[in-house]
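Q: Please build the complex by placing chain B on the supplied structure of chain A, with the hints as guidance.
Each protein sequence line maps, in turn, to chains A and B. All residue numbers for the first sequence refer to the working numbering, where the first residue is 438 and numbers rise by one. All residue numbers for the second sequence refer to the working numbering, where the first residue is 438 and numbers rise by one.
The list cannot tell twin chains apart, which means a pair is met if one copy fits it or any two copies do.
In silico BS3-like cross-links for lysine-lysine, where the CA-CA straight-line distance does not exceed 27 Å:
#, residue 1, residue 2
1, Lys715, Lys681
2, Lys507, Lys715
3, Lys730, Lys716
4, Lys507, Lys560
5, Lys681, Lys458
Just so you know, these hints were derived from the structure itself, not from any lab.
Chain by chain, the residues run as shown.
Protein chains: 2
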Amino acid sequence: MSGRILVVDDVPTNRVLLKAKLSTAYYDVQTAETGEEALEIIQKEQPDMVLLDVIMPRLDGFTVCEMLKKDPETAHIPVVMMTALDQPEQRIRGLEAGADDFLFKPVDDLTLFARVRNLMRMKIMFDELRLRDATSRELGLHNFVEEHVEDLDDSGTVMLAASSTDECSAWRDVLDQRLNVDLIEADGTRTAMDCPASSVPDAYVIQRDLMDGSDGLRLISSLRARPETRQAAIIFVTDRDDLKLAASALDLGASDYILSPFDPNELCVRIRSQLRRKKYSDRLRSNVIDGLKMAVIDPLTGLYNRRYAMQHMTTIMERSASEGTEFSILMLDLDNFKQVNDRYGHDAGDAVLQEFARRLQSSVRGIDLVARLGGEEFCVALPATDLESAAFVAERVRTSIHGEPFCRPNSTDTIPVTVSIGVSVGQGPGDTPDVVVRQADHALYVAKNNGRNKISIFAEAA
Amino acid sequence: MSGRILVVDDVPTNRVLLKAKLSTAYYDVQTAETGEEALEIIQKEQPDMVLLDVIMPRLDGFTVCEMLKKDPETAHIPVVMMTALDQPEQRIRGLEAGADDFLFKPVDDLTLFARVRNLMRMKIMFDELRLRDATSRELGLHNFVEEHVEDLDDSGTVMLAASSTDECSAWRDVLDQRLNVDLIEADGTRTAMDCPASSVPDAYVIQRDLMDGSDGLRLISSLRARPETRQAAIIFVTDRDDLKLAASALDLGASDYILSPFDPNELCVRIRSQLRRKKYSDRLRSNVIDGLKMAVIDPLTGLYNRRYAMQHMTTIMERSASEGTEFSILMLDLDNFKQVNDRYGHDAGDAVLQEFARRLQSSVRGIDLVARLGGEEFCVALPATDLESAAFVAERVRTSIHGEPFCRPNSTDTIPVTVSIGVSVGQGPGDTPDVVVRQADHALYVAKNNGRNKISIFAEAA
Numbered sequence: 438m439s440g441r442i443l444v445v446d447d448v449p450t451n452r453v454l455l456k457a458k459l460s461t462a463y464y465d466v467q468t469a470e471t472g473e474e475a476l477e478i479i480q481k482e483q484p485d486m487v488l489l490d491v492i493m494p495r496l497d498g499f500t501v502c503e504m505l506k507k508d509p510e511t512a513h514i515p516v517v518m519m520t521a522l523d524q525p526e527q528r529i530r531g532l533e534a535g536a537d538d539f540l541f542k543p544v545d546d547l548t549l550f551a552r553v554r555n556l557m558r559m560k561i562m563f564d565e566l567r568l569r570d571a572t573s574r575e576l577g578l579h580n581f582v583e584e585h586v587e588d589l590d591d592s593g594t595v596m597l598a599a600s601s602t603d604e605c606s607a608w609r610d611v612l613d614q615r616l617n618v619d620l621i622e623a624d625g626t627r628t629a630m631d632c633p634a635s636s637v638p639d640a641y642v643i644q645r646d647l648m649d650g651s652d653g654l655r656l657i658s659s660l661r662a663r664p665e666t667r668q669a670a671i672i673f674v675t676d677r678d679d680l681k682l683a684a685s686a687l688d689l690g691a692s693d694y695i696l697s698p699f700d701p702n703e704l705c706v707r708i709r710s711q712l713r714r715k716k717y718s719d720r721l722r723s724n725v726i727d728g729l730k731m732a733v734i735d736p737l738t739g740l741y742n743r744r745y746a747m748q749h750m751t752t753i754m755e756r757s758a759s760e761g762t763e764f765s766i767l768m769l770d771l772d773n774f775k776q777v778n779d780r781y782g783h784d785a786g787d788a789v790l791q792e793f794a795r796r797l798q799s800s801v802r803g804i805d806l807v808a809r810l811g812g813e814e815f816c817v818a819l820p821a822t823d824l825e826s827a828a829f830v831a832e833r834v835r836t837s838i839h840g841e842p843f844c845r846p847n848s849t850d851t852i853p854v855t856v857s858i859g860v861s862v863g864q865g866p867g868d869t870p871d872v873v874v875r876q877a878d879h880a881l882y883v884a885k886n887n888g889r890n891k892i893s894i895f896a897e898a899a
Numbered sequence: 438m439s440g441r442i443l444v445v446d447d448v449p450t451n452r453v454l455l456k457a458k459l460s461t462a463y464y465d466v467q468t469a470e471t472g473e474e475a476l477e478i479i480q481k482e483q484p485d486m487v488l489l490d491v492i493m494p495r496l497d498g499f500t501v502c503e504m505l506k507k508d509p510e511t512a513h514i515p516v517v518m519m520t521a522l523d524q525p526e527q528r529i530r531g532l533e534a535g536a537d538d539f540l541f542k543p544v545d546d547l548t549l550f551a552r553v554r555n556l557m558r559m560k561i562m563f564d565e566l567r568l569r570d571a572t573s574r575e576l577g578l579h580n581f582v583e584e585h586v587e588d589l590d591d592s593g594t595v596m597l598a599a600s601s602t603d604e605c606s607a608w609r610d611v612l613d614q615r616l617n618v619d620l621i622e623a624d625g626t627r628t629a630m631d632c633p634a635s636s637v638p639d640a641y642v643i644q645r646d647l648m649d650g651s652d653g654l655r656l657i658s659s660l661r662a663r664p665e666t667r668q669a670a671i672i673f674v675t676d677r678d679d680l681k682l683a684a685s686a687l688d689l690g691a692s693d694y695i696l697s698p699f700d701p702n703e704l705c706v707r708i709r710s711q712l713r714r715k716k717y718s719d720r721l722r723s724n725v726i727d728g729l730k731m732a733v734i735d736p737l738t739g740l741y742n743r744r745y746a747m748q749h750m751t752t753i754m755e756r757s758a759s760e761g762t763e764f765s766i767l768m769l770d771l772d773n774f775k776q777v778n779d780r781y782g783h784d785a786g787d788a789v790l791q792e793f794a795r796r797l798q799s800s801v802r803g804i805d806l807v808a809r810l811g812g813e814e815f816c817v818a819l820p821a822t823d824l825e826s827a828a829f830v831a832e833r834v835r836t837s838i839h840g841e842p843f844c845r846p847n848s849t850d851t852i853p854v855t856v857s858i859g860v861s862v863g864q865g866p867g868d869t870p871d872v873v874v875r876q877a878d879h880a881l882y883v884a885k886n887n888g889r890n891k892i893s894i895f896a897e898a899a
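Isolated chain A (complex conformation):
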């Protein structure tokens, strides 16, 4: 777990010292003397992490950090600020500027290395997520232009696992007043881990000795080992004189720690910043999933597309075969749709297709698959449905389209629309989706020939 670290300090001894320390642990270290130089190197070299002195001539550390966090190209690079002054206001200002941590000089090795390892791990995971996100953005699959972590909403659910009821109420008071979060309490590892997978908290605040006698570090470890809670934010609370514990917590996967007794504002800033970070990574994850879903969705109507329909019908068919049930297919084609486009324009045509999709979807069950195969052609796959029921559904669809004329957009005119529907059923092992679709297609052809606005059922003899 190595990486490239930039050390920024205007005092030469500090630079040399930190560089030597980090190099011994096999990190690749670069140094910068001023904020300006730092910004330039970061833009060009994109290091994996920045150790940033607070007090420097001209551009101070706070300003450099803010500038880094505002630039989408560098916002994801972790920043650890360093200062000789241990003042809560300074720390809070640094965290609010977007720093990941705030260390005091002379920097304690144990905490430094634990923090560096922890941030490197996080960085590698983010890089992996960002890479995929960049691909889907390049392909135009979403417009989520690299948002600032700072702009994300910091609400969420926070679980408090403190060492006493007094401590817990003190935390609760602090957080209730200052944050927009829901709070849950846990008296120990068992209660905390008992949370159902569907509603795990976004963040945890955890002390070493929990009320039920269990060990807070073990709770961190268990949360990280469980897939549902692996991505949650975890803030470890420990005594000012026990930095070793804080380092262990970071190595076990805690996102951050705070030394007790703490300034209430500092706890809030840390929680808020972790909640935002959690949201950012959740967003990156869901962007990719959304991108993948777009490959199977018809953008105009929001229905599934042909690719997904054919895939899904195979699944329906296999399930039918194994359960010995029938499944039915409707093939639908809007009548004389070309005339709608020619007469009212493409916008009106699109609006008709959208309204048709809405009516079609609301005429079938949730388990039925509705897809647009292309142009004005649609299909519905009905699992566990015999021919008679399918014909009934088809007739209901036909009536819902024919029964009420469609609105012409930006106009009080209406557009008369009708649909022809072919129905077929799959019953045996030979009835692959392909075969049943062709049969429904054939029935659709008959419905069209019979004068349109008709349903037709595929019969073997036909």
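A: Just chain B now, kept in the frame of chain A:
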């Protein structure tokens, strides 16, 4: 970096000892007495790692490991085998069964923990990749059913960074005879890192002291810090009495290590297994990218779809505006395509669309964007192209379609096909893709009205 570990050993003392050790480091540990019990627990609990004794009654460790690696549900879980007998054949057999490492009892803590940390890190990354892969598989975006890592091809490029030319030739001899890999040599960190980003090796074999005086551990660190080589396999070669170095290498991100002097077969097995693993993770990564690409590709013709075309045209337009160049759009519509479908069937219609796409694509430049907008409607966006050149291209396309009749599939018949094309140009800042597309669409309408198989150029007055 915690996780759930299953310890499998038939000797109670061994189980208790290992469980105590690992629990102290905050891992969640379960134990099993027999291979059968282990398989049951693994199926049910899906631990993050298995420590597996070799010699057990009935099902021995080799068999259990093979069974785990054959089952797609458990193949991704890392396995470390343990034995009291230090025999190369045993080690090779274990690695060939799919084990990630082979440790000797009594297990050395340093090596054990370094290996556990290393495998946990790898497991978390794989879990992340597998999750995304599972989504795209569920959506039917690819059929890459969870392949066995063991079935993947183990060819590739391997870079050798040894401590002397003698050592290097010895490795070369061993690998040349036994593996299907290309070998490159590096005399140290600088040469190894000099490799161009486009052709980085799949795997590296690295010793501590390199020929140019640089440190092999630093090379590992630098390889892991560089995005292009972050995913490469790295095997560290170190002396039998220097386990501490091996542990450092694993912590720095080496994929595996081997103790020198080694059995040539063992080196080969380890390289082969790392090459396969690298290919597996590459495959998982590219599956997601491929899945995302499918969201912008028309499955029938392989051309870009409407979603991508509109997005891409915006980019072309913005570039034109900033460079002060023109861009042109062709809108194309096959003439009387409905008759092709009606007369020859949908299969013939699809074949015509595919052949049309091929001819269209080969009539334009590589930088031109060709897309199928839906049905029989296509478009081409031509960056840095004025109206006259665009009209020339349109005429070339028209001729290439009209000039040679299309083949009817499974038949010697041909199908006459023609296309109508509308041409327009965007020149000013007001010419958004939307506007220019509408103009080309209008020109297309004129071409159709003029009797089809025509090109028509949009004129402001029209």
